[in-house]
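Throw the hints in and build the complete structure from the sequences for me.
Chains as they are written, first to last, in the working numbering: chain A, 1 to 370; chain B, 371 to 740; chain C, 741 to 1110.
No false leads were slipped in.
On the chain C side, residues computed to face chain A include the following (Cβ under 7 Å):
| id | residue |
| --- | --- |
| 1 | Ala807 |
| 2 | Ala809 |
| 3 | Thr856 |
| 4 | His862 |
| 5 | Val869 |
| 6 | Leu873 |
| 7 | Tyr895 |
| 8 | Arg899 |
| 9 | Pro908 |
Calculated from the structure, these hints are not laboratory results.
Please read these numbers as outputs of a predicted model, since none were measured by experiment.
Just so you know, even glycine gets a beta-carbon here, dropped at the ideal spot from N, CA and C.
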Amino acid sequence: MAVPTYSTGDPLLDFLYTLFNGIAEVPLFSSPITGVLILAGVFLASRKAGAMMVLAGLIGAGVAILAGAPYGLVTFGLFGYNSILTGMAFWSGPFVKANKATFFISIFGAAITAFTWMAFSHLMGDLFVLNGLAQSWAIPGFTSSFIFTTWALMYASKRFGHDIWPAPPPPQKEELIAGSNNPNTNDGFKWTVKEFMIATLKGVSQVTFVENWKTGVFWVVGLTLAFELAPFIAGVQDRPWWTNAYTAQWDEFSPLYLAGLMALLGSGIGVAMAILTKLPTAEIRLGLHGFNQVLVMIALTSFVPLTPQSFMMAVFATIGCSFLMPALQRFFGQWGLPALTGPFVFTAWVFLLATSGFQNIPAGIGWSRP
Amino acid sequence: MAVPTYSTGDPLLDFLYTLFNGIAEVPLFSSPITGVLILAGVFLASRKAGAMMVLAGLIGAGVAILAGAPYGLVTFGLFGYNSILTGMAFWSGPFVKANKATFFISIFGAAITAFTWMAFSHLMGDLFVLNGLAQSWAIPGFTSSFIFTTWALMYASKRFGHDIWPAPPPPQKEELIAGSNNPNTNDGFKWTVKEFMIATLKGVSQVTFVENWKTGVFWVVGLTLAFELAPFIAGVQDRPWWTNAYTAQWDEFSPLYLAGLMALLGSGIGVAMAILTKLPTAEIRLGLHGFNQVLVMIALTSFVPLTPQSFMMAVFATIGCSFLMPALQRFFGQWGLPALTGPFVFTAWVFLLATSGFQNIPAGIGWSRP
Amino acid sequence: MAVPTYSTGDPLLDFLYTLFNGIAEVPLFSSPITGVLILAGVFLASRKAGAMMVLAGLIGAGVAILAGAPYGLVTFGLFGYNSILTGMAFWSGPFVKANKATFFISIFGAAITAFTWMAFSHLMGDLFVLNGLAQSWAIPGFTSSFIFTTWALMYASKRFGHDIWPAPPPPQKEELIAGSNNPNTNDGFKWTVKEFMIATLKGVSQVTFVENWKTGVFWVVGLTLAFELAPFIAGVQDRPWWTNAYTAQWDEFSPLYLAGLMALLGSGIGVAMAILTKLPTAEIRLGLHGFNQVLVMIALTSFVPLTPQSFMMAVFATIGCSFLMPALQRFFGQWGLPALTGPFVFTAWVFLLATSGFQNIPAGIGWSRP
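Here you go:
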């Protein structure tokens, strides 16, 4: 078995695994170290954000236990990450005000996300069963439950008679290219290596709505030190502490501790593509064109065995995601909503679904191909 | 077998079952008594609405028979309810004018809904087949075929050069909360128990676009008297007349004739949540924040065995639906379309899909879990 | 086996099959003659369009081979048609400018469409597996990968700081019917048989964004001469040259060479419905209300055995598509996007899904029913 169990029987240990694996699952794998470092990075940027990260993750796990979810999924952290993202999106993020009303919505959102997570997990996971369970092809739900829940809650809350959304900024006049319907985004900004690196690191930190390059450094370090630290359980599991959470879907003993590098690479591709397609400089510098690409690069190299061919596909998908991001940004933007990690989710789904039919791309254990 | 057959071999009896079960299926189960009482309540409010209810239901059933649908599904009423809703939405409802053009669209809509119903029934019903047919997990299509068909037809008809849509009311100025982008909905209205009950009953009647608390009373009585009245067929079926249609998905002999109570409870939760989130009072009083919740409470207690745990989940889902309703209202409202029963359908799907993985929630016969 | 193999082992022959079958698959079946005649018709209207048709089709096939797609699917043309449509939509079509920026997007779009095609093909093809692979029900992906890819790329490119979209025309004032919210489209135009035929033929040519009735004639002739010209391969395939590609999903020896007639009929129904529902005359004369209907008529008579009953259903579906077209036109139009072949794809999916449950409609080999 390539994936470890974190259900130890010790309540405190289980609690810690549930919490930190739940945070580490935001970038899609379970390593308590990754979780600790991400949480530290988030606290560094905002204590409010860090507190909600902990609270929302525990609420998701608690609701799942109450409803009777398999306990192993809870300690593995799978009920954490989506609830965390829903909770944080309504609290301390750049979208809505942080007050009593949004606090209640954050809590409620974190709780209901446990149900939407299970629904999407079942939907994507059990769609393709060929010739019985032994030959099933699953697709991960990724952060789909977070995005759909949050879009719905955000859009609903615009109608509420409570003080939730900040007053809109005065409308900006968009200058068009002569004879064209495309915007003239030329603002004379000169990209330097340093500015590029800052935008890239902010792209990493933006995965949890934080715009802070130092938080990004914590992320990259945490992603790199992706040791599973799986518990020793007599008769069940005897696994060294250093197994690789990032590669555990296909080989937990792989020495490729490359999740941090992939995150940087993904964010960097996003920044480069945004510069190339001349998106507004301000957005690029905030890291908005990096966080989806971070997740695409990690997802397509951790759920698919990393080979030169699958790496090429991941890069290609990341470029594709750099088209989908401005599309969904504009799409949801018209309703005053953020694109969230929608571009990542849809890109990763398409490429994992496609992997099923492309024999030059290897497939993982139970993902994409039997 | 928990679900009865209504195919008697007697054309007149089959006709009556097809008609009244088709109406009773609007609130998701098959009882001729429920059908008769709902139809009476609708006629009470509008003869036009009642006539279209009968006509559209029969068209849906007729098209299904022509196309070769299993006859048992037709007499069970499954080709009635969606066609009825599509037909009524274009006729005598609050949306479009009632004239020759909309009459034709109603008829065409009722007919094509037989095909979309079969498509959604197949899609949701046959998605999850694990280890062969014996272990299949189905999800009901609910009123999905009605909503997608009606949204498409409505939106198309806005482009037609025929007199279909009423002239829009003059735009109303929305007052915002100071320093916020949220509306100030405070209009000084004081909710009393009586007003709350009227809004709740109207919420029930709004399931078929009727705003009339007396119609709501007919609904509640009809839902309560959910006797199946299944025909005696020698050698096939010997079943007492009083079996419970509302609980027939998990125990037809259950004494819990609670469908009417669930409808009231669902609508009441919807009204309470709308007051709590400060939605416009006028909408709440029209019953617009009740009808989706009525269907969520019935669906999640009749397709899932009713236990304290599943009841808690149904209430939680109904609260969730009270977020999804204003979201979809605003979403479709921007295009001049109603949300219809979209909030119910999506909420019920998510919670039935989630049920598959939550072991504290029991599952029905063939629904959600094998 | 009803479907031929085109993998001959001869690189040049394989190349030609890949190219021309890829073009012929735009109207949903594989015949090199159909492909040659369609390409000729497109060249007749625009050399640019013809060149992109060839280029985009080869890029789709090339990317598929690189990624390791089954070679037989490539020579059958299945990686051609969607890439062709994506490529052409960004080049020489009526939507965006033809310049260096859109050329690159066309090329990138054609390449990534190979992945989205595989994803949709897997999604729709492997959803319904009952009791193992022997009893699988598949639904074709049709041109879904083209439409979703192109919508995303188009919408993204509106944000790019490059000169891609033409300056919008000055807003036109829409005159309403008195007391109604519907447009007054009465412009005094008198439809003659000749005008009707021109609109119908343009409806056929519009499948690849060409507005030219002569191109439509090439299409109709090419669709009629749907000989498979399958290669003789010793020990593998000995098949006469004249087998019918249009009917090959259910009987390759059928003498019903009716694809051209179905195209005309579909487009004609579309024009008639648009006149009946009083859509703007200018749109009808451009052929915009024909191309989706062309594809619906072909799809529902070539993936479903052609009988009087299935023919009736196809006509009914084509009428339904004539509602969905103005709906999606308005829906995507608000964002400055075309409806593309969305109305066809969704209509054909619904009716093929419904076919699974309607026993009076025959089903093909592996499509819709086991």
